[in-house]
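This is what each chain is made of:
Number of protein chains: 2
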Amino acid sequence: EMAAARPVLARAVLQQCLSARLQVRPPENGSEPEWVEIQRGLVIYICFFKGADQDLVPKIVNTLLNVKLSENESGEYVSLLDLPGNVLIIPQATLGGKLKGRKMQYHANIEKEKGLELYSQFVTLCEKELAANAKCMEAGVLVKYGTYGNRQVLKLDTNGPYTHLVEL
Amino acid sequence: EMAAARPVLARAVLQQCLSARLQVRPPENGSEPEWVEIQRGLVIYICFFKGADQDLVPKIVNTLLNVKLSENESGEYVSLLDLPGNVLIIPQATLGGKLKGRKMQYHANIEKEKGLELYSQFVTLCEKELAANAKCMEAGVLVKYGTYGNRQVLKLDTNGPYTHLVEL
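Protein chains in written order, with UniProt numbering: chain A, 84 to 251; chain B, 84 to 251.
Don't take each hint at face value.
To be verified - 20 Å max Cα-Cα, derived SDA-like pairs, lysine to any residue:
1. K142/B with G184/A
2. K151/B with P141/A
3. K183/B with K211/A
4. K211/A with R185/A
5. K238/A with K181/B
6. K181/B with N145/A
7. K186/B with K181/A
8. K186/B with S102/A
9. K238/A with E117/A
10. K238/A with E120/B
11. K181/B with E154/A
12. K218/A with E117/A
13. K186/A with K238/B
14. K186/A with E159/B
15. K238/A with S102/A
16. K183/A with E120/B
17. K183/A with K183/B
18. K186/A with A222/B
19. K142/A with V161/A
20. K181/A with E120/B
21. K186/A with L251/B
22. K151/A with E159/B
23. K238/B with E210/A
It is worth saying that the hints were derived from the structure and are not from the lab.
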C-alpha cells in the first residue's frame with residue numbers, strides 16, 4: 084500500500100463486538116468503579132493529531148457510521164446505522180504513537196485540551212446521528228463512551244473483531 | 084503526522100491484555116470449538132501487504148517484542164521480553180483495508196498463500212525469540228496464535244489496551 088504524503092488528522096481503529104464493557108470512573112477511596120456497557124456493535128478507538136479541527140468531526144463520524152463493516156444476520160456487511168448496532172467510543176491517544184528506536188513518541192498528537200474538545204464533539208455527533216436514524220431509534224441502540232484522559236479499562240467479547248484502520 | 088510516501092509492507096495493531104482467549108477451531112458437527120488462551124501480555128493483530136517477503140519477518144518481530152509499551156509492576160513501560168509477557172498473535176487481513184466510498188477494499192493485501200507463509204514464519208520467530216530469552220523462559224511465558232484464514236473469535240480482558248499501530 085502506498086501511504087499518502089499528507090498529514091493524517093485523525094486515526095480510528097474499529098472492532099466489531101458482541102458486547103464490550105469500559106470503565107469510565109476508577110475506584111476511589113473504597114468506592115466501586117463505574118462502567119458503561121454495550122451489546123452488539125462497534126468499538127471505535129479514536130485519536131486526533133495536531134492540525135485537526137472541528138470541521139473534521141462530521142467527516143469522520145459520517146465515515147465511521149456509514150462504512151459497511153458490520154455483519155448482519157444474513158452474513159452481509161452493512162453499516163453500523165443499518166445493522167443497527169451500538170457504539171462504544173474509546174479515546175486512545177496511544178494510537179498517535181510513532182516508533183522511534185525502541186520507544187513510541189507522541190509528538191504529532193493533538194494538545195490535550197483541543198483533543199478533549201474534538202473528542203466531546205465526536206461523541207455528541209455520534210449520539211445525534213444515531214438519534215436521527217429511524218432504525219437505530221426503533222432498535223434502541225446506544226452510544227457509550229470513555230472518559231477522556233482516563234485509563235481505558237476494557238473487556239471485549241467478539242465473534243471476530245475484524246479490526247480496521249481508518250485515517251482521515 | 085506526515086505519513087511516509089513509501090509502501091507499507093506490514094501493519095500491526097498492538098493491545099495490552101490481562102488475559103485473552105481466541106478460538107482456533109470452530110465448532111463442527113457437534114464438536115466443541117477449540118480455544119487458546121494467554122494471561123498477561125500482548126495481543127498482536129498482524130497483516131502483510133503485497134511486496135512483503137521473509138526478510139521483513141525478523142525486522143517486525145524484533146520491533147514488536149522490543150518496543151517498550153508494556154507497563155510493569157512499578158508503572159514503567161518495558162518491552163514484552165522484559166516484562167516478561169505472553170503473546171497472542173491474531174492474523175487480521177481486515178487491517179489491510181483501504182476506505183473507498185462506503186466500502187473497504189483489500190487490493191493491497193498480500194496473496195493468501197504468501198500471507199500464510201509469512202504468518203507462519205512470524206509465529207515461529209516469535210516463539211524462538213521468547214524461547215531464547217532467559218527472563219521469558221524462567222517466567223514460562225507463552226506464544227499462542229490464531230489459525231490463518233479462520234474467523235478470529237476473541238475475548239479480551241484488559242487493564243487498558245493502550246492500542247498502538249506499528250507499520251513497517
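Hint check results:
1. Restraint check for K142/B and G184/A: satisfied, since their Cα atoms lie roughly 12 Å apart, inside the 20 Å limit.
2. For the hint pairing K151/B with P141/A, the CA-to-CA distance comes to about 35 Å; that exceeds 20 Å, so the pair is violated.
3. Among the hinted pairs, K183/B with K211/A is inconsistent with the structure: their alpha-carbon atoms are about 25 Å apart, more than 20 Å.
4. In summary, the hint linking K211/A to R185/A is not supported, as the alpha carbons are separated by about 41 Å, beyond the 20 Å threshold.
5. Taking the CA atoms of K238/A and K181/B, the gap is near 27 Å; set against the 20 Å cutoff, the hint is violated.
6. Restraint check for K181/B and N145/A: the C-alpha separation of about 16 Å stays at or below 20 Å, so the hint holds.
7. Of the pairs offered as hints, the one joining K186/B and K181/A is violated, with about 27 Å between alpha carbons and a cut-off of 20 Å exceeded.
8. Between K186/B and S102/A the CA atoms are separated by roughly 24 Å; this puts the pair beyond 20 Å, and the hint is violated.
9. Note on K238/A and E117/A: the hinted pairing holds, with a Cα-Cα distance of about 13 Å set against a maximum of 20 Å.
10. Simply put, K238/A and E120/B have alpha-carbon atoms about 15 Å apart, close enough for the 20 Å limit, and the pair holds.
11. Note on K181/B and E154/A: the hinted pairing holds, with a Cα-Cα distance of about 18 Å set against a maximum of 20 Å.
12. Our distance criterion of 20 Å between C-alpha atoms is broken by K218/A and E117/A, whose separation comes to about 29 Å.
13. Taken as a hint, the K186/A and K238/B pair is broken in the structure, with Cα atoms around 28 Å apart against an allowance of 20 Å.
14. At roughly 12 Å between alpha-carbon atoms, K186/A and E159/B fall within 20 Å of each other, so this suggested pair holds.
15. For the hint pairing K238/A with S102/A, the CA-to-CA distance comes to about 8 Å; that is within 20 Å, so the pair holds.
16. Under the criterion of a C-alpha separation no larger than 20 Å, the hint pairing K183/A with E120/B is inconsistent with the structure, at around 31 Å.
17. A C-alpha spacing of about 31 Å is found between K183/A and K183/B, which places the hinted pair above 20 Å, so the restraint is violated.
18. With a CA separation close to 24 Å, the supplied pair K186/A and A222/B exceeds the 20 Å bound.
19. Taking the CA atoms of K142/A and V161/A, the gap is near 19 Å; set against the 20 Å cutoff, the hint holds.
20. This hinted pair does not check out: K181/A and E120/B have alpha carbons roughly 29 Å apart, beyond 20 Å.
21. Our distance criterion of 20 Å between C-alpha atoms is met by K186/A and L251/B, whose separation comes to about 15 Å.
22. As the CA atoms of K151/A and E159/B are separated by approximately 40 Å, the hinted pair breaks the 20 Å bound.
23. Our distance criterion of 20 Å between C-alpha atoms is broken by K238/B and E210/A, whose separation comes to about 27 Å.
Checked against the numbered hints above, the structure breaks hints 2, 3, 4, 5, 7, 8, 12, 13, 16, 17, 18, 20, 22, 23 and satisfies the rest.
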